[in-house]
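Listed below, chain by chain, are the residues.
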Amino acid sequence: MPRNKIIGAVEIGSSKITALIGEIEGGRELNIIGSAEATSMGVKKGEIVDLSSVGRCTHAALLAAERKAGAQVDEVFLSASGAHLEGFTSTGTVNVRDADNWVSEEDVRSAGQSARQKALPAGRCYLVHIRGAAYADGREVENPVGMQAAKLEMKYWNVHADEGRITDMIHIISGYDDGLSVEEIIPASVAAGRIAASDDERRAGALVVDIGAGTTDFVLYRKGHIVHTGVIPVGGGHLTNDLSIGLRINFKQAERLKLRDGKAVLEKGDKEGHVMLEGDLQIGDRPIPRLAIARILNARVAEIFSIIKNRLGSAVSPQAVPGGVILTGGTSELPGISEVGRDVLGVDTRAGTHPAWVTREDLRDPGYSTTLGLLFFGLQGQSLGERKTEAPKAGLLRRLFK
Amino acid sequence: MSEATRDWQEHPLRVKIIGVGGAGGNAVDRLRMSDAGPMELAVVNTDFKTLDASPLTEKVMIGKTVTGGLSTGGEAELGRQAAEADREELSRLVEGVDLVFILAGLGRGTGSGAAPVLAEVAAEAGALVVAFVNLPFSREGQRRMRQAEDALAAMRDSCACVISLPNDLIVQQAEGDPTLLEALAIADDWIRRGVQAIYSMILENGLINVDFATLRGALHYRGGKAVFGFGEGAGDGFVEAALRDLERCPLLHLPDNRFLRKTDGLILNIRGGPDMPLSDVYRIMDFIGDRFGCKENTVLGAVVDGSLQGRVQVTVIGTVDVTGARRHPYRVPAAARPRPLPAVPPPPRPAAAPAPAQAPNAAAPSSASAESHGDTSFAAPGRPAPPQTGNAPSARRGINPPEGQAEFEFLAGEDRGYFEKTDENIYEGQDLDVPTFIRKGIRIAV
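Quick mapping for you: the protein sequence lines, in order, are chains U and P. Numbering of the first sequence is given in the working numbering, commencing with residue 1 and proceeding in unit increments. Numbering of the second sequence is given in the working numbering, commencing with residue 1 and proceeding in unit increments.
It is possible that some hints are incorrect.
[Claimed, not checked] 35 Å max Cα-Cα, derived DSBU-like pairs, lysine-lysine:
1) U/K271 x P/K440
2) U/K252 x U/K268
3) U/K263 x P/K440
4) U/K268 x U/K309
5) U/K151 x U/K118
6) P/K49 x P/K16
7) U/K263 x U/K252
8) U/K223 x U/K155
9) U/K68 x U/K16
10) U/K268 x P/K440
11) P/K49 x P/K59
12) U/K16 x P/K440
13) U/K223 x U/K263
14) P/K440 x U/K309
15) P/K440 x U/K252
16) U/K16 x U/K5
17) U/K5 x U/K68
18) U/K16 x U/K223
[What the hints assert, rightly or not] Far from chain P, some chain U residues (derived; all Cβ distances over 10 Å):
19) R28
20) A60
21) A64
22) S104
23) E142
24) N143
25) G205
26) L259
27) K263
28) T359
In short, the hints are calculated from the structure, not lab data. A virtual CB, placed ideally from N, CA and C, is assigned to each residue, including glycine.
Looking at chain U on its own, in the form it has when it is part of the complex:
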């Protein structure tokens, strides 16, 4: 019997580096056998600013996860985030070959190929080409193969990134344990969206917003397809930084205060109320007005949502996203954040929950959606040939490896 495949999912985040290890049984079933996280040093706004210390932290997380799993990782799925990620829509059009206009697999493939042809400027590389809707003679169809049409159009959402930053991440993984290989790099938004929103929600149309420590990653689904992804280099770290500047306290105090007493909406009674900075009655402790905390956090959170609104424009409306806005990521746990989202976006906003197959209690934390999503794609990669054959990423990674 062939050995089960062990895959690792690694997210190099701004506050922590998370590693999950999954075992793929028979190519269809996934067991999470190890997990670990390490404090992230040297990542800001989703981008690596100190390569060597990020390398050490990542290796520590991988090592701890491998120890827990009692197994060695064969290949790694990485998530990417940061302001350097960009995306665009492209359309590939072909005239169906068959004399009687029966659409074949070959037509779909060549339409896809022409959609992905666009050359990128120097220093940029494609991360993924995500297949979107298909149109047979202008009519949107689920699967065009076998239908009759003269013209076939395929929509793609293409995400590209700064080559140097991607190379840095690959080097970190390949520097572990005599060269671990990176199987695929997936935008964090795509990974998190797959976990935070259910199949039904994605089919209906939904916006998933993953607010992490350094970045806010969002992904918009329409009829089950990804039509837009984006990164705003603002996250929970900014909330903490704002508190620390506004209240004149240090970063650690601000972080503690945010987790303990932070909320994104003004409530009745906040006008007068105070919380103690430390609550330990020591010298230096002082009362902090609740109003100040709420105002600072509210301003920042509302701004994050309004930037998303500006980026997506009319694509965010109750009609366009019946599935609503789904929040995930560590900062989504801030009380009141859903209400702010609803106010700004004008769409029902709620915290996401992980699918039922995530049984381990500790992994149900919204901070894990991205890595869980990576594992999910790792499993998909085994059984679903489509993504693999379509994406020219393997070649890209090999090229970057040299």
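Dock chain P against chain U, hints included.
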């Protein structure tokens, strides 16, 4: 005139405050209402109407050939051209002045364009130039902010110290919802405190006075950033209250410098009532030295002000050398310099006269070379020469960085606090790393 041979009886120290542009001129006008002491006041503008309305006597109109006596309409380039056209006028304005304060509001035309030129002219004339500049509100938009930032960078090249006062912070300092006049008053108060902190040390009689050379020594890095903060305390335990107030000063909590624990030069001014004991002065000094990591190179001035019975005001101005390569070469006597200067040449600036041991620099004008004669006499004893001040950027450790590295150091020098070393985070003209509440002018009561 060399300071070594100067007769101080006949030629007392001259201090001039010059407002450039509309905002700068107004600040000087309002400064006049309060006590300006023995300082000379002047305004520079392109706009005849504004100049005419100013109650001051010394007014310089620039750029008649450029704007025809009108304002620049917010174009910094016009402001610069206007100042360049009347460079002689400007140099007459600063001739023989030892300490020049430049007040300007950056972001619009005359302030952004002309203030850097004036600073350059004043520095060339051998004056110590200290600038207080207001930065526009984030809401005023990207273009103004960019003009302001360009001007700020240009001013840092020639000023000993540029103190930037972001207008966004005014609202943080105000009580309730400030009226326009109140907001202006706060901005003026910041400037007055800063100007006062510096001139009172050298001009007023106080507990502890500082001579001009020492002040000059404390500000001997050009191109650096400055921190500026103040606190006030009254009643029982007024020293502690003042220090707490200082810690909370919003100007010290700018994203730029809030993590600043290390300054290269520090000016500390304490104003207290006649009842202030010396021990309190030293207590404040210890605290400040710890907070800003600059025990060796602190210049202390303490002034007794009869109106401050039972109260104390503390003002701090610190400079940070972000480039490491831009110090005034003539400030450091050759003997005190253990290793050669870094290979990076200082930016070509006529005022930077050659240090005695260096290869002669033919471009140096005579006024600045005269300065270098006085060198040894006012490298104040007891204050360590800059090369010994320790853990600042590598250029100061005497390492000769390769050209490329120095370049990098300069680029990376902009200290952006927690988010330093990261890419700029500009969205629709606003830096997202700056707290939203500051950019939106939401007041936070602490």
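Evaluated hints:
1. Restraint check: the Cα-Cα separation between U/K271 and P/K440 comes to about 20 Å, which is no more than 35 Å; the hinted pair holds.
2. Distance restraint check for U/K252 and U/K268: the Cα-Cα separation of roughly 28 Å lies within the 35 Å cut-off, and the hinted pair is therefore satisfied.
3. Under the criterion of a C-alpha separation no larger than 35 Å, the hint pairing U/K263 with P/K440 is consistent with the structure, at around 19 Å.
4. Annotation: proposed proximity of U/K268 to U/K309 holds, straight-line Cα distance about 28 Å (limit 35 Å).
5. Simply put, U/K151 and U/K118 have alpha-carbon atoms about 21 Å apart, close enough for the 35 Å limit, and the pair holds.
6. Between P/K49 and P/K16, the direct Cα distance comes to roughly 23 Å. Compliance with the 35 Å bound is thereby established for this hinted pair.
7. Only pairs whose Cα atoms come within 35 Å are accepted, and U/K263 paired with U/K252 is accepted, the gap being roughly 17 Å.
8. A threshold of 35 Å between alpha carbons decides the hint, and for U/K223 with U/K155 the separation of about 13 Å falls inside it, so the pair holds.
9. A C-alpha spacing of about 18 Å is found between U/K68 and U/K16, which places the hinted pair at or below 35 Å, so the restraint holds.
10. Taken as a hint, the U/K268 and P/K440 pair is honoured in the structure, with Cα atoms around 23 Å apart against an allowance of 35 Å.
11. Among the hinted pairs, P/K49 with P/K59 is consistent with the structure: their alpha-carbon atoms are about 12 Å apart, no more than 35 Å.
12. Of the supplied pair hints, the one linking U/K16 and P/K440 holds, its CA atoms being roughly 30 Å apart against a limit of 35 Å.
13. Annotation: proposed proximity of U/K223 to U/K263 holds, straight-line Cα distance about 34 Å (limit 35 Å).
14. For the hint pairing P/K440 with U/K309, the CA-to-CA distance comes to about 18 Å; that is within 35 Å, so the pair holds.
15. Note on P/K440 and U/K252: the hinted pairing holds, with a Cα-Cα distance of about 25 Å set against a maximum of 35 Å.
16. At most 35 Å may separate the alpha-carbon atoms for a hinted pair to count; U/K16 and U/K5 meet this at roughly 26 Å.
17. At roughly 16 Å between alpha-carbon atoms, U/K5 and U/K68 fall within 35 Å of each other, so this suggested pair holds.
18. Straight-line distance between C-alpha atoms of U/K16 and U/K223 comes to about 33 Å, which keeps the hinted pair within the 35 Å bound.
19. The Cβ of U/R28 sits about 42 Å from the closest Cβ of chain P, beyond the 10 Å cut-off, so the non-interface label holds.
20. At roughly 22 Å from the closest C-beta of chain P, the C-beta of U/A60 stays outside 10 Å, upholding its exclusion from the interface.
21. Even its closest Cβ contact with chain P, about 27 Å, leaves U/A64 beyond 10 Å, as expected for a residue assigned away from the interface.
22. Remark: the non-interface label on U/S104 is consistent with the geometry, its nearest Cβ contact in chain P lying 45 Å away (cut-off 10 Å).
23. Non-interface status of U/E142 relative to chain P is upheld: no Cβ of that chain comes within 10 Å, the nearest being about 37 Å off.
24. At roughly 39 Å, the least C-beta separation between U/N143 and chain P is larger than 10 Å, which holds for a residue marked as non-interface.
25. Under the 10 Å C-beta cut-off, the non-interface status given to U/G205 relative to chain P holds; the minimum distance is some 26 Å.
26. Every Cβ of chain P is farther than 10 Å from the Cβ of U/L259; the closest lies at roughly 17 Å, confirming the non-interface assignment.
27. The beta carbon of U/K263 sits about 15 Å from the closest Cβ of chain P, which is more than 10 Å, so the claim that it is off the interface holds.
28. With a closest Cβ-Cβ approach of about 37 Å to chain P, U/T359 is found to remain outside the 10 Å limit, as its non-interface label requires.
Going down the numbered hints, you'll see the structure goes against none, and every one checks out.
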